[in-house]
Amino acid sequence: MNFRVLRNARVRRDIKTRETVAATELIRQAYRYITRNEQLPQKIRQQAQLMLNSFPRYARPTAIKNRCVETGRGRGIFRDSRLCRYQFRLKALNGDIPGVKKADDLEYVE
Amino acid sequence: MATTPPAKSVLNALAKLRAKLFNNVYNPTNVRTGNKVLRQRLIGPTVTSWYPKQLIKVREITDMFPEFNLVNQQEKQRLEDIAKRKRRGKGAPKKGSIEKENVLQLARRKNNIPILKSILRIHL
Numbered sequence: 060m061n062f063r064v065l066r067n068a069r070v071r072r073d074i075k076t077r078e079t080v081a082a083t084e085l086i087r088q089a090y091r092y093i094t095r096n097e098q099l100p101q102k103i104r105q106q107a108q109l110m111l112n113s114f115p116r117y118a119r120p121t122a123i124k125n126r127c128v129e130t131g132r133g134r135g136i137f138r139d140s141r142l143c144r145y146q147f148r149l150k151a152l153n154g155d156i157p158g159v160k161k162a163d164d165l166e167y168v169e
Numbered sequence: 003m004a005t006t007p008p009a010k011s012v013l014n015a016l017a018k019l020r021a022k023l024f025n026n027v028y029n030p031t032n033v034r035t036g037n038k039v040l041r042q043r044l045i046g047p048t049v050t051s052w053y054p055k056q057l058i059k060v061r062e063i064t065d066m067f068p069e070f071n072l073v074n075q076q077e078k079q080r081l082e083d084i085a086k087r088k089r090r091g092k093g094a095p096k097k098g099s100i101e102k103e104n105v106l107q108l109a110r111r112k113n114n115i116p117i118l119k120s121i122l123r124i125h126l
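One line per chain: the protein sequences are W and V, in this order.
Counting from 1, position 74 in the first sequence corresponds to residue 133 in my numbering; the numbering is continuous, with no gaps.
Counting from 1, position 97 in the second sequence corresponds to residue 99 in my numbering; the numbering is continuous, with no gaps.
To be clear, the hints were calculated from the coordinates, so they are not data collected in a lab.
One or more hints might be untrue.
Claimed, not checked - Among the chain V residues that face chain W by a calculated CB cut under 8 Å, a handful are:
| id | residue |
| --- | --- |
| 1 | Leu23 |
| 2 | Thr35 |
| 3 | Gly36 |
| 4 | Lys38 |
| 5 | Gln42 |
| 6 | Leu44 |
| 7 | Trp52 |
| 8 | Asn71 |
| 9 | Val73 |
As the list claims (entries may be wrong) - Only part of the chain W face toward chain V is listed, based on derived beta-carbon distances under 7 Å:
| id | residue |
| --- | --- |
| 10 | Ile74 |
| 11 | Arg77 |
| 12 | Val80 |
| 13 | Gln88 |
| 14 | Arg91 |
| 15 | Tyr92 |
| 16 | Arg95 |
| 17 | Val128 |
Ideal placement from N, C-alpha and C gives every residue a C-beta, glycine not left out.
Make the full structure from the sequences, and use the hints.
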């Protein structure tokens, strides 16, 4: 169990955002379809836009931020390992990330 | 040998037929239909699986076995701390009191006596 991640307020906020996005996604897409459809009457499209604006702010998918799973850092994240660059380095050197090896260009000459 | 281009009506008919054959939407005037939105994949499942899930919470365990009287030590400590702070008069302020205080401070800082007076008249 990783309690360290949950202690970070920004991570907790991000988890909340992700959950809200997932919960409201379907209905939001329906409203988005109505607003983007030029064949529908103007009034209905406007109403749909107003409904979109009335969603909680955490319902926007753009509010999601990929954060480091280990430290909660928001910058320099490798998407594959979900780690920030320093944690990635530490884990890679420790051999925790399979398939990652430190580059070594020097050749051994006898 | 010069060839004449096919008539526009023929091309339109062809496009209509092609759309029907390949199960596409026939939209000669390029009206925005919003189908783009319908075609989008739902991101919910991928988005929620970014952070590793906490498998079980302390609260769940304590609720599961009420007969053992299990105590979440951290939570107990937190509540005790809050109670202690409150006894010393350092508890959280009442709702709305911060806002009032901020407005008052702003007026004082700017030394704006008319505003200060009006605020005091409103609030007190």
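**OP:** Starting from the hint list further up, note which numbers the structure goes against and sort them upward.
**Re:** Violated hints (numbers, rising): 1, 8, 9; every other hint is consistent with the structure.
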